[in-house]
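Colleague: Here is how the chains run, residue by residue.
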Amino acid sequence: MSEKQETNTNTENHPPLLSNVKYLIVGVVFGIAFVKAEIISWFRIQEMFRFDSFHMYGVIGSGVFLGAIVVQLIKRFNIKTMSGEEIVIPDKKFHKGQIFGGLIFGLGWAITGACPGPLFAQIGAGFGVIFITFLSATLGVLTYGYLKDKLPH
Amino acid sequence: MWDLIVQPWPWWVAGIVIGFTVFILLFMGNKTFGISSSMRHVCAMCMPSTKISFFQYDWKKEIWNIFFVIGVLIGGFIAGNFMQDPQQVVVAEQTQEVLKEAGVTDFGGLLPTDIFSWESLGTLRGFIFIVIGGFMVGFGTRYAGGCTSGHAIMGLSSLQWPSLVATVMFMVGGIIMTWFILPFLLTL
Chain A
3 MSEKQETNTN TENHPPLLSN VKYLIVGVVF GIAFVKAEII SWFRIQEMFR
53 FDSFHMYGVI GSGVFLGAIV VQLIKRFNIK TMSGEEIVIP DKKFHKGQIF
103 GGLIFGLGWA ITGACPGPLF AQIGAGFGVI FITFLSATLG VLTYGYLKDK
153 LPH
Chain B
369 MWDLIVQPWP WWVAGIVIGF TVFILLFMGN KTFGISSSMR HVCAMCMPST
419 KISFFQYDWK KEIWNIFFVI GVLIGGFIAG NFMQDPQQVV VAEQTQEVLK
469 EAGVTDFGGL LPTDIFSWES LGTLRGFIFI VIGGFMVGFG TRYAGGCTSG
519 HAIMGLSSLQ WPSLVATVMF MVGGIIMTWF ILPFLLTL
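Line order of the protein sequences matches chains A and B.
In terms of our numbering, the first sequence opens at residue 3 and continues consecutively.
In terms of our numbering, the second sequence opens at residue 369 and continues consecutively.
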């Protein structure tokens with residue numbers, strides 16, 4: 003009896019909702035690191051753009067370095083996902099958005115002192131007003147979606 | 369041991385966590401690390417019958433991303449409430465001097481509360497830092513197709529040159545703002 007129910011609730015081949023809890027746990031670890039390594043600090047971002055401290059360059063640089071090793075190891079040894087799937091990293095296609103959008107994000111990043119990830123950790127860490135920043139960022143995403151076809155790409 | 373945990377973590381610990389996250393997301397379910405798309409999913413979720421093509425897709429397939437950012441929020445809560453460092457955040461002296469001149473007085477926490485607080489939200493300066501800044505972050509990351517995580521970390525890790533372009537532009541924007549516009553905005 004349960005088999006039938008399962009196939010019914012699991013429409014369009016979406017994995018069961020609870021199977022996503024593992025990503026939540028990864029997020030928790032990541033969020034703790036965000037706070038404890040002070041990546042969510044407005045001051046650290048200021049230091050980075052003023053070239054007064056190595057900290058953020060170390061964080062991003064070592065993250066990219068290890069990430070690159072991970073990607074190379076996956077390719078060389080043909081490592082599969084835990085369910086045996088082939089690991090695929092989609093190609094990013096170049097368009098002018100990476101220039102214009104990147105510039106707009108950079109300008110905003112120096113003001114808020116937070117890219118999207120740290121926004122979530124800041125709210126969690128008790129800076130409630132950053133929820134407004136998140137809402138405004140979401141409004142920015144909505145505006146982009148609305149204007150997408152009119153913007154140069 | 370606990371002392372070591374509540375102290376500010378060195379940069380390389382964060383680097384290891386980032387590298388591990390890149391791996392574990394791919395390993396768990398072929399997910400490429402990226403955070404800013406979560407805001408797109410929120411929009412798509414809230415507008416099931418939208419006519420905007422950018423939000424017409426099967427967001428349920430991307431629900432893992434929402435779980436991930438909720439995790440980040442919970443992680444922030446745990447670290448911010450139970451793993452607090454008794455010491456003040458140490459800010460580089462040159463940066464402190466410049467910011468002091470611009471009128472920032474609170475260097476004790478992760479964010480200067482004289483700019484980021486409910487009280488300042490009603491002021492012009494607070495509105496720019498909290499609302500306008502946020503809008504630019506959201507708009508810019510989606511226009512660029514990713515943020516620091518999607519482009520600078522995941523994109524560069526997988527050696528994609530469009531991500532290098534995006535990362536360079538993030539830095540250019542940040543440097544222009546910090547050196548030429550922010551000193552003025554801080555005095556508002």
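Some hints here could point you the wrong way.
Unchecked claim - Calculated pairs, SDA-like style, for lysine to any residue (alpha carbon to alpha carbon, straight line, at most 20 Å): (1) A/77 <-> B/527; (2) B/399 <-> A/18; (3) A/150 <-> A/77; (4) A/77 <-> B/392; (5) B/429 <-> A/27; (6) A/24 <-> B/399; (7) B/468 <-> B/493.
Because the hints were derived from the structure by calculation, they are not lab data.
If you're wondering where the values come from, they're calculated on a predicted model, not measured in any experiment.
Colleague: Taking the hints in turn, state whether each one holds.
Modeller: Going down the list of hints, with the structure as the test:
The suggested pairing of residue 77 of chain A with residue 527 of chain B holds, with an alpha-carbon distance near 13 Å, which does not exceed 20 Å. With a CA separation close to 16 Å, the supplied pair residue 399 of chain B and residue 18 of chain A stays within the 20 Å bound. A C-alpha spacing of about 34 Å is found between residue 150 of chain A and residue 77 of chain A, which places the hinted pair above 20 Å, so the restraint is violated. Between residue 77 of chain A and residue 392 of chain B the CA atoms are separated by roughly 15 Å; this keeps the pair inside 20 Å, and the hint holds.
The straight-line distance between the Cα atoms of residue 429 of chain B and residue 27 of chain A is roughly 19 Å, inside the 20 Å bound, and the hint therefore holds. For a cut-off of 20 Å, the pair hint linking residue 24 of chain A to residue 399 of chain B stands: about 12 Å separates their Cα positions. Restraint check for residue 468 of chain B and residue 493 of chain B: satisfied, since their Cα atoms lie roughly 16 Å apart, inside the 20 Å limit.
The structure is inconsistent with hint 3 alone, although it conforms to all the rest.
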